[in-house]
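Colleague: Spelled out from the first residue to the last, the chains are:
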Amino acid sequence: MNVHYLYSLLAVIILGLIAYAGSEGAGLTWLFGLVIPYVALLIFIVGFANRVWGWAKSPVPFRIPTTAGQQKSLDWIKSSSIDNPSSTPGVIMRMALEIFLFRSLFRNSRVEISGDRLSYKWVIWLWLFAILFHYSFLVVVIRHMRFFLEPIPFVILMIDKVDSIFQVGSPVVYQSGVVLFAAATVLLLRRVFVPKVNYISRAADYFPLFLIIGIAFTGIVMRYFAKVDVVGAKELAMGLVTFSPGIPDASIGGIFYAHLFLVCVLLAYIPFSKLMHMGGIFLSPTRNLANNSRAKRHVNPWNNPVKVHTYEEYEDDFRDKMIEAGLPVEKE
Amino acid sequence: MDTISTEKKQRLSQNWFSVIINTYPTESKAFFGKNKDLFANPVGNTIKRNIERLTHEVLLLDLNRDHVKEALEPIIRIRAVQEFSISDALAFIFAFKTIFRKENPSLSQTEEGRLYLEALDANIDEIVLMALDIYMSCKHKIYTLRINEAKKHVRQLLIKKNLMCEVPETGVEIIR
Amino acid sequence: MADFPKPKEMFDSIDYALPEKQWEDVPPDLSPGNFCYPTKRKNLEYLGLPANKDEWSPSDEDWNLPDNWQTIIHEGFKDLLGKYRSLKIFMDTCVRCGACADKCHFFIGTGDPKNMPVLRAELLRSVYRNDFTMAGKILGSIGGARKLTKDVIKEWFSYFYQCSECRRCSVYCPYGIDTAEITMMGRELLTLLGLNINWILEPAANCFRTGNHLGIQPHAFKEMVEFFCDDIEDITGVRVNPTFNRKGAEILFVTPSGDVFADPGTYTMMGYLMLFEHIGLDYTLSTYASEGGNFGLFTSADMMKRLNAKMYAESKRLGVKWILGGECGHMWRVINQYMETMNGPADFLEVPVSPITGTRFANAASTKMVHIAEFTADLIRNNKLKLDPSRNDKNIVTFHDSCNPARGMGLFDEPRYVLKNVCNNFYDMPESTIREQTFCCGSGSGLNTEEIMDLRMRGGLPRANAVQYVHDKYGVNMLACVCAIDRAALPPLMDYWVPGVGVTGLHELVGNALVMEGETERTVDLRQEPLKEEEEDADE
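Residue numbers (the working numbering), protein chains in the order written: chain A, 1 to 332; chain B, 1 to 176; chain C, 1 to 540.
Some hints here could point you the wrong way.
What the hints assert, rightly or not - EDC-like mimics (lysine to aspartate or glutamate), calculated; alpha carbons at most 16 Å apart, straight line:
id: 1; chain 1: B; residue 1: LYS151; chain 2: C; residue 2: GLU451
id: 2; chain 1: B; residue 1: LYS139; chain 2: C; residue 2: ASP495
id: 3; chain 1: B; residue 1: LYS139; chain 2: C; residue 2: GLU451
Said to hold, decoys possible - Here's a subset of chain A near chain C, in silico, CB distances under 8 Å, partners left out:
id: 4; residue: ARG63
id: 5; residue: THR66
id: 6; residue: LEU101
id: 7; residue: PHE102
id: 8; residue: LEU105
id: 9; residue: PHE129
id: 10; residue: LEU138
id: 11; residue: PRO285
id: 12; residue: ASN291
id: 13; residue: ARG294
id: 14; residue: ARG297
id: 15; residue: TRP302
id: 16; residue: VAL308
id: 17; residue: LYS321
id: 18; residue: ALA325
Bear in mind the hints are in silico, worked out from the structure with no lab data behind them. From the three backbone atoms N, C-alpha and C, an ideal C-beta is built for every residue, glycine too.
Build out the structure end to end from the sequences listed, making use of the hints.
Modeller: Right, here's the structure in full:
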């Protein structure tokens, strides 16, 4: 047991309860339904932009891509244009593979020797659950757009349809929600039970996972068990995006406000946490630069002037010995 | 006692392996113990492979010193550079006495069994002595490498500048 | 596993399992043998670097830090964050997924959790959060922040000098976080307090003054090279005639000074000289720019720039057209990723064109510096060399991709192409241990010093283990590489783990195989050992 995940778990439970009690008991629906979402969104946008601006302010003095393949040198040697890009299209491909397929994480493969034979086994669990987690999250977010748009665009309807393709349960089950919940849980269990990952994990690692699990959990409960008033939820959401906020007359239910509040906490938390990796990955200098600094000049804006030891100083130091050894000198 | 089942042997060697792995920090235990990739985890795999051989050898009452050395050496070679004191590095060998007794609790009740245990203990003691030799030779090697390295730059210069010369290597072929 | 016996006496003596202590609370082991010797004051002073109050040793309780050490680190950190986007991104984006954890050769060899790249970076990150982020300031230790204390400085010193900046972890990181970058910043901060190691700063100081790491004066440098010419004449009957500091030569050749002063690099040097003579290259060596290596890379960006400046300065003074670089690891990281940015533009040079084949090296169009492996591969491809690979038959060769040319450049197929043409027996090591996944020699980034031999052996174990595999399987007895630190560090590593495997530079093998014009029949190789002897042994 360690305090890092206990604190995080407690924090998420308390946050959920506050919203539930506050909206259901204290009748603070305007606070949890209107004020906090706007504040959270504001914090998110300003915080995120501020963070990215902070990164962008610092220059990239050197070209330091991690080269993970053959360089482009002689014409007849096949270069690895994606893993060691020498031009912008290659960099774009490399970044696309990183962002959409988590390519580097996928490299986590290993070779196993059984007897005399080499057999290849990929330890793909981390990669697999990371992919499932991120993509199901994406689908969930896109799917939720139907609450914020009227009429609902065709694309979102399609995604909605595909996401519930198995047509089980009533209301029909979205796979994305279930997968998100499951994948986040696996990633959490990994942190708790794999010793070396446990050793490096801190509250900042557990809290977002618990938060997302909490969001998925409240979402699932609300849709399949508590069956909150969807029409009311949409009314509230539309009010928010059209800047004519209002709380619908019919009660939507405390669980809805708990869900919404956790989402708001997540939004506001992103700029101050490791979740900024969603922005950082685009700016990582070992990935987003071409390995072409021998072919094209890269400029360092702060290129410090430094004291060097000039040839003249060198010759002054050793002139006699150089002459004696028959080495040419500038000044006899 | 000449029939120790393969299964039991495996259990013995697994337990012995665990004792060694438990001497590492908690966070790396799982890595050393479980990662079966020969190249990603040389420490764990080398120890595992050789502890199996060693288990096999120690149970043969007639100890084959050459075989024991072959199995023992790679393990000690690793432990000798891993910040262990000599006692810490070698303590795992004694543990086999306990491991074996735990696995065969009834053995000490018969005369034959007691004799076997006595012989086994003698084997273990002998293996510890061999391990001491190996450990020392590894450390000696390290010191030699250090000294060589310290001498190297200067020595090459002295030789090449003709300030120093070495006895020519005559007769090397004859000795070989 | 659960039911193994745990008699008390055994456990008391050998159970090293850490108690449930957080990594923040575990002090580093700074007992003798676990740290590199600190630098002598004279080196700091010669280079104009800050020195701390008095002589100190890492095993001392008090390190004699300057009084305002906290301010120095805070301001230094702030300065680095303003200068490097990489540092900011690497401080902020790590999610501690653990993908890097078991990729570090020092972790694999030691099992010390702080050798997991993620924790090495957390050493710095925890202080970053405390000093520079709002979340860290508000949440404190819950937010993963911690105050900068003298113990943190000791921890930095211990672990930033247990990283060889090999970048293997950065290959696997989903955000490309590069621990080499973290370590470089950490070392730069430590240097602000006068904390650096002698094995790095002495070569740096020597290099600054004399042009090379060992502090060899110009006349001695020349004599050493001429000594190789005598050896070459003994072996081949051909006299080679290198020139020094010659104005008007077409090409300046720069190689690590290890090739001139340390075996087996010296044989590689002989290989270069023979090759250049054979193709009639119009080149010169320089005693002023007599060092390709750059220990500034292991100190700070400014120090790297100061040492590197000599290459362009000398090529300008001598009026050469372009520069050819010898086999060296970190030298080539500097040339490929830093040189032109730091000391360019090199507009006084021309785009390199091989005078023998006419090949234009467009990949070096800006830096104007070509790697010898690229140059030789091009010669072989164009049939400009007559080679007799059977002269290397006693060598069963494998190739160690040196970290820097591998992950800071991508030089993989050029040396392999050369190797396959100069020797008949070549076998690669398993895939997960070569090319971009190559394992470090364990002694890179200035760690090849004798006082930490145990650590170097532990760190080099994964490399040695892969060599052992091809040694057992194919009878490999020669480990080829293109790095001077490798040539110094791999022989003891092999000696300890895989006795019977030698170490060679690529161009030593080229020199052996090269059939020179007018040469006498060769009976010995460049090491003056019989060409055939081993082969006969193997046949028996």
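Colleague: Please list, smallest to largest, the hint numbers that this structure does not respect.
Modeller: Hints 6, 9 and 10 not satisfied by this model.
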